[in-house]
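> The primary structure of each chain is shown beneath.
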Amino acid sequence: MIFLRRQVPLLITLITGLVFAAQYYVPHPASEQMLTSVTKWLQIIGGFALVLGVSSLFHVHAMKIRRKEAGWGYSFVLYVSMLGTIAIGLWSNGKEAVDGTMTAFGWIYNFMMVPLQGTMFAILALFIASAAYRSFRARSREAAVLLIAAVIVMMGRVPLGEYLIPLSGDLSQWILNVLNASVRRAILIGVSLGTVALSIKIIFGMERSYLGGGKE
Amino acid sequence: MTFAERMLKIDRRIIFLVIGLCTLLPLLYPVGLPIKISPEVRGVYDYIESLPEGSVFLLSLDFDPASKPELHPQAISLLRHAFRKNLRVVAMTLWVSGTGMADQVVTQVAREMGKESGKDYVFLGWSPGGTAVIINMGQDLYGAFPADYNGKPTKGMPVLQGIANLRDVNYAISLGAGNPGVEAWYVFGKDKYKFELGGGCTGVMAPGLYPLLRSGQINGLIGGLRGAAEYETLIGQKGKAIAGMDAQSATHLAIIVLVIICNLFYFSMRRQATQQSRSGA
Amino acid sequence: MPIEIIIGAWVATGLTLFIFSFLYKDNPLFKLAENLYVGVSVGYTIVKTYDTVVVHLVWKPIVENGEWALLIPVAIGALMLTRYVPKAAWLSRYAFAFIVGVGSGLAIPRVISSYILKQIEDTVRPLLVMVPGEGLTFTWNLLNPASSINTIIILIGVSSVLFYFFFSVEHTGPGKVVARTGILFLMIAFGAAFGYTVMARMSLLIGRLTDLIEFTDPSYGSPSLWLLGLTILTLVVMARRSGSKPEEE
Chain A
1 MIFLRRQVPL LITLITGLVF AAQYYVPHPA SEQMLTSVTK WLQIIGGFAL VLGVSSLFHV
61 HAMKIRRKEA GWGYSFVLYV SMLGTIAIGL WSNGKEAVDG TMTAFGWIYN FMMVPLQGTM
121 FAILALFIAS AAYRSFRARS REAAVLLIAA VIVMMGRVPL GEYLIPLSGD LSQWILNVLN
181 ASVRRAILIG VSLGTVALSI KIIFGMERSY LGGGKE
Chain B
1 MTFAERMLKI DRRIIFLVIG LCTLLPLLYP VGLPIKISPE VRGVYDYIES LPEGSVFLLS
61 LDFDPASKPE LHPQAISLLR HAFRKNLRVV AMTLWVSGTG MADQVVTQVA REMGKESGKD
121 YVFLGWSPGG TAVIINMGQD LYGAFPADYN GKPTKGMPVL QGIANLRDVN YAISLGAGNP
181 GVEAWYVFGK DKYKFELGGG CTGVMAPGLY PLLRSGQING LIGGLRGAAE YETLIGQKGK
241 AIAGMDAQSA THLAIIVLVI ICNLFYFSMR RQATQQSRSG A
Chain C
1 MPIEIIIGAW VATGLTLFIF SFLYKDNPLF KLAENLYVGV SVGYTIVKTY DTVVVHLVWK
61 PIVENGEWAL LIPVAIGALM LTRYVPKAAW LSRYAFAFIV GVGSGLAIPR VISSYILKQI
121 EDTVRPLLVM VPGEGLTFTW NLLNPASSIN TIIILIGVSS VLFYFFFSVE HTGPGKVVAR
181 TGILFLMIAF GAAFGYTVMA RMSLLIGRLT DLIEFTDPSY GSPSLWLLGL TILTLVVMAR
241 RSGSKPEEE
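Chains A, B and C are the protein sequences, given in the same order.
Quick note on numbering: the working numbering labels position 7 of the first sequence as 7, and the sequence is numbered without any gaps.
Quick note on numbering: the working numbering labels position 91 of the second sequence as 91, and the sequence is numbered without any gaps.
Quick note on numbering: the working numbering labels position 109 of the third sequence as 109, and the sequence is numbered without any gaps.
These are computed hints drawn from the structure, not numbers from a lab.
Cβ atoms here follow ideal geometry from the backbone N, Cα and C, with glycine treated the same way.
Hints may be right or wrong, so weigh each one.
[Said to hold, decoys possible] Listed below are several chain B residues computed to face chain C (Cβ distance under 7 Å; list not exhaustive):
id, residue
1, Val31
2, Glu70
3, Tyr186
4, Asp191
5, Ala206
6, Pro207
7, Pro211
8, Ser215
9, Gly224
Extracted from the complex, chain A is given alone in its bound form:
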């Protein structure tokens, strides 16, 4: 039983990992066909993964409503809006517009989802300003360097800044294309080496946290 629960999944990971890593170097039509089919499967499985993601949300808020915990009214709003959107979406056949005319589903998307999501992220602008005022202090030499670079880039990337101090535009271009590019490159190389190392560890069964589900 342990073989079925622990060894077989690890075996599956090992075989699929090695096969698809090798596939990159094998241009034979059969290998390409295998890649085509399996990536098609991944699209379908990806859909199931999305369902998995949202079902935990269902569960958490259903519990809140059932136990009438503090704020359960809001969980009720969440549920009603979710079910309402699903019902209207299925009624509109999942389409936001038919031949240019907006459906009910499209109405919910354009006049509820877009403004809500947009505004949620727009208020971050104000929080970043308030946080910058309170904590962006040149406490050390390094912090001062960070501050000066930030000010130069903020000046150089707006028309008013380039108009007042033309040098800021050229300087911010140099900072971005040379200094910033070199640092990001180093971070990219480092992170990629880590990703490759982790992937190899997963394939060879040294890293098992992704398995989850069930005992041991």
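Take the given structure of chain A and dock chains B and C to it, following the hints.
Only chains B and C this time, still in chain A's reference frame:
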């Protein structure tokens, strides 16, 4: 509490009000300062200009409503440019919550430029799987998207004639707000299928894409609202990006002033503290 | 203006202002909008996933084109869902093992090629550049990222930052100089990232306010102006009702 300490602990709602006014007033009373074009944005523009009529242009709108203010103007400008050059436009998205928005922007610009779905452009819609979709399109476009967003079969569509997979795409641009985005299109797309790739992104993603720009992995980068404004200037059609530039200038200046003031108060506080400790000792 | 657009404008403006009211104080209007947002987003995702996956990627190909092989990914996906059945949860491991195995296998050669080899290739570029008319020369133009001086700066930047993150070697002596150079480069890059983040966030605010200004138009019934007045009134009433207690931030 000294004046400096009081100013540093000021109610944050006052700062909200200052930033709010700095954004609102320039939108109501625009000035219209000139916008300098950066080489990154020019890279994308020049390449599209150089494409012959009938070339295949793939535009992947990989963003959701949260990034709409920055990437929507980029999408509009790119589509206007592509339709003006009579390129065959293949649009799609890898982000589920951006599907409605992507459909709306492609339909709107196509109608404005008098283009017909199926003949001049096609909107493939969304498919789950992110990077798996890119690889699948690289292997077989019709397998990844058997039908377009309106349900019409893609096989046999006039606009997709002669296209079997991503190798037949002349230029692809991904407007990315995160993952999957420009990087995914390179790693899982251009690396193996060798099409030319450009990028558009939010301001948050932009600095991280400069290594790819420098190494030639992407041939241009349109960064944030400023990039969109530059592109609107290049194609000569003003839109929401240019309109927002004055507000952008005002808010940046406000933040710089706030940061400088904060540091002035901080240093004056530190000086007072050292003076006090010296006189106390 | 069609009636559904006018109603839509009022609803959109109202929801926008509900969320903005959070800037004054956390309040029930904001919580309502927040939960509405999550509900609608999740509902939209579910509808789209169902329409795309079940109808277009699975049902139609199997029933109309007879692609029975697609039952395999459906089975794997179904296995994934057994995660919620405690007795059979171990079956979901097969699905995750497959997905993770394929994902890792696909990623390794592509990441090595794109991010490691290609990036290193561009870092170690020749220092002498062929300039038409001058032959091989060392170019000094700082504004051209491909000039020789910038190639050296990029090389120093990449190596010092990579060295800084190499914590298994002690940063003493010459190593300390390299690490400190790395930190300097890092701080400049973070400063640039902060500048761009400010730019991005401000753009989002500009976008929302542009939409609000658009909805002040009388053809929609000027919802922005009416609802703004109503929101301010509500916040004033709320502030009065919370009494003379000093406002906490």
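> Each hint should be assessed against the structure and marked as holding or not.
Results for each hint:
At its closest, the beta carbon of B/Val31 sits 15 Å from a beta carbon of chain C; the interface hint therefore is violated under the 7 Å criterion. A hinted interface residue such as B/Glu70 counts as satisfied when its beta carbon comes closer than 7 Å to some beta carbon of chain C; here the least separation is about 5 Å, so the hint holds. The interface hint given for B/Tyr186 is met, as the beta carbon of that residue sits about 6 Å from the closest beta carbon of chain C, less than 7 Å. Against a cut-off of 7 Å between C-beta atoms, the interface hint on B/Asp191 holds, since the closest Cβ of chain C lies about 5 Å away.
For B/Ala206, the interface hint holds, since its Cβ comes within 7 Å of a Cβ in chain C; the closest pair sits about 5 Å apart. For the restraint placing B/Pro207 at the interface with chain C, the shortest Cβ-Cβ distance is roughly 5 Å, inside the 7 Å limit, so the hint holds. For B/Pro211, the shortest C-beta to C-beta distance to chain C is roughly 6 Å, which falls under 7 Å, so the interface hint holds. The beta carbon of B/Ser215 is positioned within 7 Å of a beta carbon in chain C (closest approach about 4 Å), and the interface hint is therefore held.
Contact between B/Gly224 and chain C, as hinted, is supported at the beta carbon level, the nearest pair being about 6 Å apart and thus within 7 Å.
Hint violations for this structure: number 1 only, all remaining hints satisfied.
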